[in-house]
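Number of protein chains: 2
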Amino acid sequence: MNGAESLVRTLVAGGVDVCFANPGTSEMHFVAALDRVDGMRCVLGLAETVVTGAADGYARMTGRPASTLLHLGPGLANGLSNMHNAGRARSPMVNIVGDHATYHRNYDAPLTSDIEGAARPFSHWVKTSPSARTVAADGAAAVAAAMTPPGQIATLILPADTAWNEADGIAKLPPVPGRAPVGSAAIAEAVRILRLKEPTLLLLGGLAVRSAGLELAARIAAATGAQLLAQTSNPRIERGAGRVSVERVPFPVDQALAALKEFRHVILIGAKAPVAFFAYPNKPSVLTPENCAIHTLARVEEDVLHALAWLADEVGAAKTAVATEALAPPPVPTGEITLQKLGQALGALLPEHAIVVDEAVTSGRSFFPLTRNAPPHDWMQNMGGSIGLGLPLGTGAAVACPDRKVICLQADGSAMYSLQGMWTQAREGLDVTIVLFNNKSYAILRNELANVGARNPGRKALDMLDLGRPDIDWLDLARGMGVPGQRATSMEEFAAAFGRGVASPGPYMVEVML
Amino acid sequence: MNGAESLVRTLVAGGVDVCFANPGTSEMHFVAALDRVDGMRCVLGLAETVVTGAADGYARMTGRPASTLLHLGPGLANGLSNMHNAGRARSPMVNIVGDHATYHRNYDAPLTSDIEGAARPFSHWVKTSPSARTVAADGAAAVAAAMTPPGQIATLILPADTAWNEADGIAKLPPVPGRAPVGSAAIAEAVRILRLKEPTLLLLGGLAVRSAGLELAARIAAATGAQLLAQTSNPRIERGAGRVSVERVPFPVDQALAALKEFRHVILIGAKAPVAFFAYPNKPSVLTPENCAIHTLARVEEDVLHALAWLADEVGAAKTAVATEALAPPPVPTGEITLQKLGQALGALLPEHAIVVDEAVTSGRSFFPLTRNAPPHDWMQNMGGSIGLGLPLGTGAAVACPDRKVICLQADGSAMYSLQGMWTQAREGLDVTIVLFNNKSYAILRNELANVGARNPGRKALDMLDLGRPDIDWLDLARGMGVPGQRATSMEEFAAAFGRGVASPGPYMVEVML
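Going down the list, the sequences are from chains A and B.
Residues 1 to 514 (the numbering used here) make up the first sequence, in order.
Residues 1 to 514 (the numbering used here) make up the second sequence, in order.
Looking at chain A on its own, in the form it has when it is part of the complex (with noise of 0.2 Å):
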C-alpha cells in the first residue's frame, strides 16, 4: 500500500471515521486511497472555511476529531479561521494538508508557501511528514495530538510523494493521556473559599455546562450559597426541560460588570477568568471587580466532572436536590415580527433534542433565556469570535449526529462568510434548519462604533457596516445551492416556515426579515 492509503487506514483504526475535505491535486493519492478503505465518509465542501468549521461541530457532537484535507498553504489558508475557532473551543482536529512533493518543493512553483508557518498560529502540534513510511506513524501521532485533553488542533503536512511511495503499513494510535485529576489542594481552597460564605461566582465552561457538570455545580451552589453563571461563550451546553439552567455573563462590557460586580470570589471550573471581548476607551479589560479574587478549582483540560463530583462531596451536597427546567414551552407569538417574539417563538417550537448553532450575534441576544423550557438540547457557540463559523458547525453536528435536527440561528452578515456550506448540507441531506436574520447591516458594528467612542458616523462610515445596495436575497442564495425555504415577514409566518423546516428531512432556510 502507498503512503496515503497506510495514511487513511491509520485514521480509521484511530477511530477517525470522517473526512471533510477540499482537495487538489497534491491529495489525489489521499482521495483515490478512500475508494479503497471502508470506515471513512468523505463530505466535500466547496471552500475550506465550511471544511474546518465543519470538523469542529462534528467534534463538539461526538468528543472524536474528524480529519480534514485540505490543499497546500492557500487551501489551508481558508480554513484556518474556523480552525482558530475550532482551537478556541477546544474541539479535537485533525488536519492532512497536502504539499508538494519533497523534491519539487526546492522549485517555488507558484502554490509553493510556508505550509507550517502558516499552520502554526492556529495549531497545537504541527508535522511535515518526511517520506511514505513515516505518514503512518505521523498520522497515529497527529490523532493522538488531537485527542489530548481537551482537545486539540492537529495539523499534519503530506508531501505528494509520501503519498505515492511505497509505505510499509498502518500505525497503531500512541497512549492518549486522559484528563489529569484536580489535585486535592485545589479541591481543598474551594471549600475553603465556599465556607468564607462571601459572594462566591462558580464560573462553568468545558465539561461543567453539559447536563452532569451542571447538576453537580447547582448542588455545589445550593449547599454553599455560591452563585452559578457560565462563560459568555460555550462549546455546548446541554439544556431544556429536566436539565439544570445556567446563565451566562454578558457579552456586552457593561452588562458584564454589572453581573460580576459583588462577587468576591470567582472559582473557574472548566472556564477561564472574564475578560473583555474586544478593548474599549476607559472601559476595563478585566470584567471582575478589583477586590474579587480568582481561583481555579478545574482547568478545562482537567477532570472537571470529576473535580465537581469531589468538591459536591467536600460541601455536603451529594444528595442535594437541584432544581431543573420544566417542560414550558412559551406560546407561540404572532403579529410583527420582533426578536422577544422569535426568540419566544424558538422556545415554543423547538425539537426535542435539537442542536442549535447560536450565530445570531446581534439578533440572538434574548433567544438564549426565551428557550430554557422549551424540550431538552444542545446550544453551541462561536468560542473564537470569527464569524462565519454557523453553517459549517450545524453541517459537521448534522453529520455528526442524523438522528438529531439542527437549527442555525444566522445573523446575515455572518452567513455570507461561509454560505458555501448550504451545498454540503443539501449534497449530504444533512437535518438542518436555518434560521437566517436578514438585518441587512452588519449590526454589531453599528454599537461598536459608539462603543469605541467614534461617534457621529458619516456615509463612507455607516456604508462599511451596511448590506444594503443591493439587498441579498438569500432565498435565491439558498435556492442556488440547492436548499429550499420561505421567507417570513410576520410571526405567523414565521411559525408556518419553522414549522415546514422543522417537518422537512433536509436542510431548509427560514429567511427572517427584520
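Note that these hints are calculated values from the structure, not bench results.
Hints are supplied without guarantee of correctness; some may be wrong.
One copy or two, either will do: identical chains are not told apart, so a pair holds if it fits within one copy or between any two.
Simulated crosslink set (SDA-like; lysine to any residue; CA at most 20 Å straight-line) [claimed, not checked]:
1) K272 x Y107
2) K127 x G117
3) K440 x D476
4) K261 x M40
Chain A is already provided as a structure; the job is to place chain B on it using the hints.
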C-alpha cells in the same frame, strides 16, 4: 488627530486612494477616520478573500497599491490565499490588520492570535505598530515597502489603541527605490548566447509581456532567430490587434516538455525558469531539457524594459520591423456549445480595451489563442495557483479602470471560493461581465487523478471532484447578490447573453452550460 486618522491621511498622501475593507470592532476608528479624510474610496467586501483579491486586481491595472482593512488574525487568515496569489503576481498591497489594544492582548480574549505569525508566510513586510505616534511612519514605511519593485505585500498590524490614541500627524513616504538597471555583463552574456545561433528561447514575464516589452522582444527575436514564449501564467499581458502576440509555455507537463525540448538556451526576461506546476510520478519538475542552459537577462524586479531596449540595440534590432496582430475577429459560431466555439465567440465579441480575467481553468485552454485578433485588451491570470481569485480580481480591476469593460472568464468550482465578490460588483455598479462556465465539476482534478497515477477512481473519489447533486444554479446565486444574468445553452444564446452583458453598465452574468 488620532492614530487612525494619521494613518489614513498618510496613506492618501502616499498615493493610496482605495481601501478594500471587511472591518470589525478593532478597525472602527479607521472606518470613522474615512469620513474625515477625502481621497480614499472605501469598497466593502463581504469575505476577506474578496478584499485581498480585489487589491491584487487594482494593483495590476494601476501599478499602485490599494489598502485592505482586515479584522484581527482570523480576518487576515481569510484573506491570505489571495494575498498569496497577489504576492506571486508581485502586486503591491498594503494590508491594515486591526488587533486588540496593546494592553488587552495579554488577556487572551477569544479573537487573540499570533497575527504576525499568520501574516509572515504570505507577506514581504510585516510590522505591528507599537503606538499611535508611530502609526503614520509605519504606514508610510508599509507603502514604500509595497511599492519596492516589482511590488510587495506589506502588512501593518494596528492595535486598537494605536488607532484611538492621539497621534502627531501624518508621515512622509520614505524614498522608494526604482527598478535596478541591468548590468552590462547580463547584456553581454545575452548577446553572446544569441550570436551562437543555437536554438534559444526568450522567456518573458512581468513587464516584458506588456506591449512595449513584447515589441522589443519581438525585434530581438526577429534579428537573432531566437524564439519567444511567455510564462504559463502572467499578471497582465497586453495583446490583441496592433500588439505583438506571444504564446505561453503550456500548463500540462507533457505539452510543456514538448514545447521546450529543442531549446539549448533559455534567456529569462522578467520570467522564472520553467518548472512544473505540480510534481507527478515519473515526470520531471524542470521543464527544460538537461542540455539546455538557463541565462538571466533581467529579473522581474529589475528594469526589464531598459534591458530589452539595450539588448535590441546591441543585436542591431532597434529598428527591426515586427509583425503585430491584425484586427480580424473570427465569425461568431452557432449551434451546440463547445469550448473551441466559445473561444472563437470571445475572439469575435470581446470589446475594445477589455480587461480579461482568466480563471476559466480547463474550460479556457483554447481561449487565449482564439482571441489574439480581437481588439486590443489585457489578459490577467492567476499567478499563485490558489483558485477563487477571478471574481475578486475582476472587482479590483473594475474599480481601477471604470472606463473599461472587465470580462471574468470564470470556472464554476473556482468561483465558489469567492462568490461574495459579486455583491461588491453590484454595490459599486462595476462594469463586469462574468462568463461562468458551469461544467458541474472540478474538471481539472479528473485529469489530475489520472496524472498522478490514481487510475480507475471509484464513487467516493469521484464524488470529491463532482459539483453536482445538487447542481449549482449560478443565476440564482448571482441574483441573490444583485447581479442579473442569463443562461446560455447554445452558441446563439451565448452571443446574445454576452452582448447583453457587454451592453450593460453594471455587473452581469452569462452562465454557460457545458
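Checked hints:
With identical chains, the CA atoms of K272 and Y107 are at most 20 Å apart between copies only, with a shortest distance of 10 Å across copies and 46 Å within one. In this assembly of identical chains, the alpha carbons of K127 and G117 lie at most 20 Å apart whether taken from the same copy (11 Å) or from different copies (17 Å). Taking identical chains as interchangeable, the C-alpha atoms of K440 and D476 lie at most 20 Å apart whether they share a chain (15 Å) or sit on different chains (19 Å). In the homo-oligomer, the alpha carbons of K261 and M40 never lie at most 20 Å apart, since the shortest distance is 50 Å inside one protomer and 44 Å across protomers.
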